[in-house]
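Below are the chains, spelled out letter by letter.
There are 2 protein chains.
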Amino acid sequence: MLDLRIALAQADTCVGDLEGNARLVLDAVAAAAADGARLVALPEMTLTGYPVEDLALRAAFRDDAGTAVDVLARDLAEAGHGDVTVIVGTLGTTTTPDGPRPTNRAVALRDGRVVATYDKRHLPTYGVFDEARIFAAGTTTTVLDVDGHRVGLLVCEDLWRADGPVAELADAHLDLVVVVNGSPYEEGKDLERLAHARRVAATLGAPVAYVNQVGGQDDLVLEGGSFVLDVAGEVVARSPQFTPDLLVHDVPTRGGALRRGRVAPPLHPDEEVYRACVAGLSGYIRKNGFRSVVLGLSGGIDSALVAVMAADAIGGENVVGVSMPSAYSSQHSKDDAADLAQRIGADYRVQPIGGTVDAFMRDLPLDGVAAENLQARVRGTILMSLSNAEGHLTLATGNKSELAVGYSTIYGDAVGGYAPIKDVLKSRVWALARWRDDHALDHGEIPPIPESSITKPPSAELRPGQVDQDSLPPYDRLDAVLEDYVGRNLGHDALAAAGHDPATIALVLRLVDRAEWKRRQYPPGPKISAVAFGRDRRLPVTSRRRETPPTPDVAPTPSTTTPNLEQP
Amino acid sequence: MLDLRIALAQADTCVGDLEGNARLVLDAVAAAAADGARLVALPEMTLTGYPVEDLALRAAFRDDAGTAVDVLARDLAEAGHGDVTVIVGTLGTTTTPDGPRPTNRAVALRDGRVVATYDKRHLPTYGVFDEARIFAAGTTTTVLDVDGHRVGLLVCEDLWRADGPVAELADAHLDLVVVVNGSPYEEGKDLERLAHARRVAATLGAPVAYVNQVGGQDDLVLEGGSFVLDVAGEVVARSPQFTPDLLVHDVPTRGGALRRGRVAPPLHPDEEVYRACVAGLSGYIRKNGFRSVVLGLSGGIDSALVAVMAADAIGGENVVGVSMPSAYSSQHSKDDAADLAQRIGADYRVQPIGGTVDAFMRDLPLDGVAAENLQARVRGTILMSLSNAEGHLTLATGNKSELAVGYSTIYGDAVGGYAPIKDVLKSRVWALARWRDDHALDHGEIPPIPESSITKPPSAELRPGQVDQDSLPPYDRLDAVLEDYVGRNLGHDALAAAGHDPATIALVLRLVDRAEWKRRQYPPGPKISAVAFGRDRRLPVTSRRRETPPTPDVAPTPSTTTPNLEQP
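For the record, the sequence lines run as chains A and B.
Our numbering numbers the first residue of the first sequence as 1456 and each following residue consecutively.
Our numbering numbers the first residue of the second sequence as 1456 and each following residue consecutively.
Simulated from the structure, these hints should not be mistaken for lab results.
Among these hints, one or two may not hold up.
Same chains, same names: a pair is fine if it fits in one copy or spans any two.
In silico EDC-like pairs for lysine to aspartate or glutamate, Cα to Cα no more than 20 Å straight-line [as the list claims (entries may be wrong)]:
no., residue 1, residue 2
1, Lys1911, Glu1623
2, Lys1789, Asp1602
3, Lys1644, Glu1474
4, Lys1789, Asp1948
5, Lys1644, Glu1726
6, Lys1644, Asp1553
7, Lys1911, Asp1705
The following block holds chain A by itself, in its conformation from the complex (with noise of 0.2 Å):
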């Protein structure tokens, strides 16, 4: 028997995109079979992307995606594929007492059709994951051959599991075990996903070949990072993260050595945090049909990296940086943000907002926080403006600290449909500016954030004077406070037992309950009251698949039409 040739292709799909989709991994198995790949496998639920959330309770788009994976087969094998095994996920039907109910299913296609499925066992349902929602559980495994390799097949959070297919695999002689995933990036995650890999290679005395979706999806990013590791859990093949990928491996039969083939080195710390923002963006931008930005441009640190971040997305060309000054701007604040218009050559403009505020306080005079507040909405309202007018998509430059302790506008500078930064801590913000800047350096371009914006005191500018650590703790002890507070979720008493200030303690949970009792007072529309017949569904931002027919409108709006709820 021949050592088997696997492809593992990252692929970067799209939610509800069925033939955007099938079309990726009609040229993933082309590319592949051309390198002689007996074995390709795609992430979770490749033809309907992933996260599929309350799309999959649509009874027409489950039929879809059935017939989808039927034209898929028969595609692949009209392209000369038919003899090639492929792995796509895929949503299941299954009965259940209370009716049919999707199932995340893994399907392997040969000679023009299914010729094997396994449908997911373990349904996360916790932190981003709904999947016991959406999903009813597989009650079975799946052993393949392939070229006469016994192929176990896995979705995702089983391989997180001892229990379940992973326990009931363990005497099934396998030459390898296939993990199809859409596993979503978070710092320090891959680190965990490996110790469970070899886990399981142990357990299962086979090689684990780990696929694994990539690109930003809603308000996702998957990482990518695909892997093949041998018995003894060293990893011998390693797709890069955040950029699709397909990586070729040649695995033996049952107790064959494998070879190293190409490893991808892991990435700095910062670059890897910086470049998972640069690929959620990208991915909302694109996959919502939207090829320019807007924000607002202050000179500071938080707009100067989202900015960055977006030209590198799309190109600064299709940014536009609004500098929106008031009587409280200092000069230094609007000489940077020019100046890193500039650098990443945006579309830079200039709107000051003294005669909307002068105009609107003649009618409805306003002192201390409210007319504060209004400094922010009137920036919020040019913003949207300009979304309307030219179709540009809103990003909001706040930070995780500044969101975590109500320090922000909401219809201010919280408007936005995406947030680049929302999950990064301000101390993270500079070492990540820092990161960008030393990294055009070593590429001989300029550093594309001003050196003064990272190094001024941050300041919202909103009353003379006024500096955020008039009314914060320094930010490397309220980032302190807040990771083990909102991040690890510890109690008073676990924070103090951590050795925090006590005092630092008392006001950052005093800030961040008030800031989330507010937060989620005033949410997006407003809150919806239960009466006539429930809740807003929960579909996917970015599904390319509605009910719309015939077929010219399935794709979101383009983006020269207005990017918000609107009075048609």
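Given the coordinates of chain A, assemble chain B onto it according to the supplied hints.
Coordinates of chain B only, in the frame set by chain A:
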């Protein structure tokens, strides 16, 4: 053996308010015991409030809830009610292969201690429910002995399923089934609920005592309507909907006939929906610590109805109604707004938007939809400024029809912390207004809504002569399609088969799909990119239990504080 006198206490609990909820129990038991009751049952998760969502995942909160149960049991005994059996809902903890996990628990208290526990078996994870995310399911059944009567326990969803505890109790020779519930209102759901209760009464050969939570909690309206059903399926006692109540009834031993007691009559469908809206609004205002609301009064039917609901919830003197006329506002609109405010005794203000809009357009000329949205955003900024300056909760006045088709401006008329009629179709808005006016007439009061607000053609008045039907089908036809498409999730072909006009289907589906996409693009705070450590935690808005120690700051910030995200 004597008849068993039971009391069903449909309480209006608040999520996280362990002390307040325990007081509700003590008060209910005192009243029930004074009436001779031997068994008192309160709603699902009485002590913690429901839906508790991710708050249950905080270990510190679980510990506090455990302590609160023991304290409550002792307090009941010390108050002289140790011989009464009291069934309350709370959070349990169970051990799973993945560590300790919360359960949705009912406990029976007697003699100063917990004498029985039951963990909910069926965890609803659909629609507004996400219980599989939070809880581990119970695995056993529980039968209590109360003065010689055999009492079986169920929690909410358990009643809706034939498998699990209902099947397992079939041979338990019960004298009574007690079901504790946190069952949200949906129109027509009471019939479904009764049908399930009848099936269970027949299966178990015992009367069913069903006690339900009442009042608004976050985005849910719990409807109350607790009842006692005899074995033959007749409702022999019933509490009214939407108000706390104590329903006392005698249950004989197995086989004895139940006498008919107090049975609240059913409400007219329009009255029921109206009262549900008021209950939800009232709970949201009170549990979030507000005392007043602010909303825009356009003279149209939507804002008129919301203002009257607010007046019914908290008194007209606590309603700030703001007329914000533009050049396109008709005189009759301004007159109708003033008339309405006067009828309900609201604090009426006039804030014209022309000066601000003109100043804005001098710096950034706009036309078309962008100019229309600008007017809505200036109005939204006025409402939020008043909210910031004076501490009112901002109400959004949009209805389900216009939100479904995107006839709304994000950050404009969509601003607000609560949208009382967001789930009411436009044709129903008119019906509710008519019912409310007729109801006033029936009581010899002045109808609160001016006749002309009900009868005139609806218009957003964002350009000269604009009316809704310039761009939308007549509301009766629009709403019929929305009920089937949004409400019942029917696809295109099923809508056509249901007899809707093909052109209306095509238009409505295109509008809804686009609006849904846009609404999901511009959510609350903008979308999170899950890079560093996960998505926002999902905590209830009105939770009174946070980590902030010591106790002074555990209640929500009072209404004198600005009720939105803000610059501190």
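Original post:
What hint numbers does the structure not satisfy?
Top reply: 1, 2, 3, 4 and 7
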